[in-house]
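> Each chain is listed here by its residues.
There are 2 protein chains.
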Amino acid sequence: MKARVHVMLKTGVLDPQGEAIRHALGTLGFDGVEAVRQGKVIELDLSETDRAKAEASVTEMCEKLLANTVIERFDIELID
Amino acid sequence: MKARVHVMLKTGVLDPQGEAIRHALGTLGFDGVEAVRQGKVIELDLSETDRAKAEASVTEMCEKLLANTVIERFDIELID
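Those protein sequences? They're chains A and B, same order as listed. Number 30 in the UniProt record's numbering belongs to position 30 of the first sequence; there are no gaps in the numbering. Number 31 in the UniProt record's numbering belongs to position 31 of the second sequence; there are no gaps in the numbering.
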């Protein structure tokens, strides 16, 4: 089973990387970009085949390692 | 309109960040993680309302700034 995890800064937390991208896009002539947020995506290949167990396991991975839950939110998507 | 862009290293390109995560998960006791790939996710708020124009514009942004197409692939998802 594959899992895809998105880790984004929570709303209200300053995102300087996203702001830099927005500014660079403006410089390149792309108008109409109102806001940009940048985050991480992590794709995991798991040997677990049970959907519920895989989701529980990936949630624990996020809480312990993949996301800093003080400033980041994560969401998990299971594929297959 | 919102756009979400995923930028991942192409298959075959070494991903040391993903490898580091895989190793760290093993150290934390998560068995059964066979492979990990890490990439970027970029969320854009666009003033453009036409779907085709928005997609063309975001594709150009990816090619010019957001992805290094020599080693990275990108995919675009439009929301709304």
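Among the hints, a few may not be true.
Because identical chains share one entry, a pair is satisfied inside a single copy or across any pair of copies.
[What the hints assert, rightly or not] Derived DSSO-like pairs (lysine-lysine); straight-line CA-CA distance at most 27 Å:
1. K2 with K40
2. K10 with K40
3. K40 with K64
4. K64 with K2
In short, the hints are calculated from the structure, not lab data.
> Give a verdict on every hint.
Going through the hints against the structure:
1. K2 with K40: both (16 Å within a copy, 17 Å between copies)
2. K10 with K40: both (13 Å within a copy, 16 Å between copies)
3. K40 with K64: So K40 and K64 pass the 27 Å test inside a copy (16 Å) and across (20 Å) alike.
4. K64 with K2: Within one copy only: 19 Å inside a chain, 30 Å across chains, cut-off 27 Å.
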